[in-house]
Amino acid sequence: MPELEILDGGGATQLETYNLDLTGSLWSASALNDNPDLVEQMHRDYLEAGADIIETCTYQVSLEGFKTKEATSSAVQKGVQIANNAINTHNEVDHSSQKQLAYALGPFAVATADGAEYTGEYSVDYSLSQGSLYSEKLKQFHLGRLKVLNTQAKVDILLFETVPLLSEVRAIRAAVEEYRAYVKSSVPLYISLVFPDGSLPGSKILSEGPSGIKDIIETIFGGNSAEVDAIGINCTKPHYLRRLVSDIVDHLSSYELNRKPKLMIYPDGGLVWDGKERVWRQPEHSHHADSSWAETVADAASIVANDAFSPFSGVIVGGCCKSGPKEIKQLRSICQTRGWL
Numbered sequence: 001m002p003e004l005e006i007l008d009g010g011g012a013t014q015l016e017t018y019n020l021d022l023t024g025s026l027w028s029a030s031a032l033n034d035n036p037d038l039v040e041q042m043h044r045d046y047l048e049a050g051a052d053i054i055e056t057c058t059y060q061v062s063l064e065g066f067k068t069k070e071a072t073s074s075a076v077q078k079g080v081q082i083a084n085n086a087i088n089t090h091n092e093v094d095h096s097s098q099k100q101l102a103y104a105l106g107p108f109a110v111a112t113a114d115g116a117e118y119t120g121e122y123s124v125d126y127s128l129s130q131g132s133l134y135s136e137k138l139k140q141f142h143l144g145r146l147k148v149l150n151t152q153a154k155v156d157i158l159l160f161e162t163v164p165l166l167s168e169v170r171a172i173r174a175a176v177e178e179y180r181a182y183v184k185s186s187v188p189l190y191i192s193l194v195f196p197d198g199s200l201p202g203s204k205i206l207s208e209g210p211s212g213i214k215d216i217i218e219t220i221f222g223g224n225s226a227e228v229d230a231i232g233i234n235c236t237k238p239h240y241l242r243r244l245v246s247d248i249v250d251h252l253s254s255y256e257l258n259r260k261p262k263l264m265i266y267p268d269g270g271l272v273w274d275g276k277e278r279v280w281r282q283p284e285h286s287h288h289a290d291s292s293w294a295e296t297v298a299d300a301a302s303i304v305a306n307d308a309f310s311p312f313s314g315v316i317v318g319g320c321c322k323s324g325p326k327e328i329k330q331l332r333s334i335c336q337t338r339g340w341l
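Heads up: the sequence shown begins at 1 in the UniProt record's numbering, then just goes up one per residue.
Simulated from the structure, these hints should not be mistaken for lab results. Warning: the hint list may mix true and false statements.
Simulated crosslink set (BS3-like; lysine-lysine; CA at most 30 Å straight-line) [unchecked claim]:
#	residue 1	residue 2
1	Lys329	Lys260
2	Lys139	Lys78
3	Lys137	Lys67
4	Lys67	Lys147
5	Lys154	Lys69
6	Lys184	Lys69
7	Lys139	Lys237
8	Lys260	Lys237
9	Lys214	Lys139
Could you put together the complete structure from these sequences and hints?
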């Protein structure tokens, strides 16, 4: 049966529960300099809740945000060190612990800090027709954030998340291919996509071309660029999960791969992010469910976890914005009850 692992939950929204003001353009990344102790506390809270994998607090990190390469690099090193400190502290109590650290990076939208990850509508320079200039600019943006990572930094996963465009997936794979050659190492690459209304934002952008599930599978796993070890769904409303997971499984089942990847499922808590005002709002249409958030995530995961012939080698479940340690603890408990852990 596929292996199951537990991911942590929302970073910025959990930091806000510690009474931090994260309304600036750096969002949660600002806490790396201003409140590192609370960032470590957040990581420890998730580890204690049962997370097997935690993400660095670096989603919003970019040269555009921190202004200089030195400041960007410093923030990244802090993010990695703080997370590793939390893991080491946890391991002092739980000696059998095998925790993993994911270096988390958002899409190009973090450079403009306007919520464009939910629309795919990037600034003019990055919304050119799909040509070499566009592709190279996106690749260099992501490569720059990889190269500021210390080559000795202890990270287990490169995680690009909340990606709205297939053109950006191609750029990420190209950047990681170059980065792997640069550091002479093949750190596993995970790419997670966002489906705000149940579909990829790029599907509404003419220049993006077809962006259905079949196209997503081909873009992430096809070609000769950097091999991808996991495909994910994140910052997506929970009620879309079962359909999305079913469609991904169906299409991947007919796709030939040298080895099975993992599937990540980590939806948001159900609220809607207003990128302009930088606040969380109630959705226009409420989707009432009989099951809890954790049960909804577990039900989606069951499509893979209960299938001995799944095209996936494992499934990783957790949460994104507006899910916290309480939800992760509930999710782990449900997964244990179902015999997956």
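Right, here's what the structure says about each hint:
1. Lys329 with Lys260: holds, 28 Å
2. Lys139 with Lys78: At roughly 24 Å apart (the allowed maximum being 30 Å), Lys78 and Lys139 satisfy the hint.
3. Lys137 with Lys67: holds, 17 Å
4. Lys67 with Lys147: holds, 16 Å
5. Lys154 with Lys69: holds, 20 Å
6. Lys184 with Lys69: holds, 22 Å
7. Lys139 with Lys237: holds, 29 Å
8. Lys260 with Lys237: holds, 26 Å
9. Lys214 with Lys139: Cα-Cα ~23 Å, so holds.
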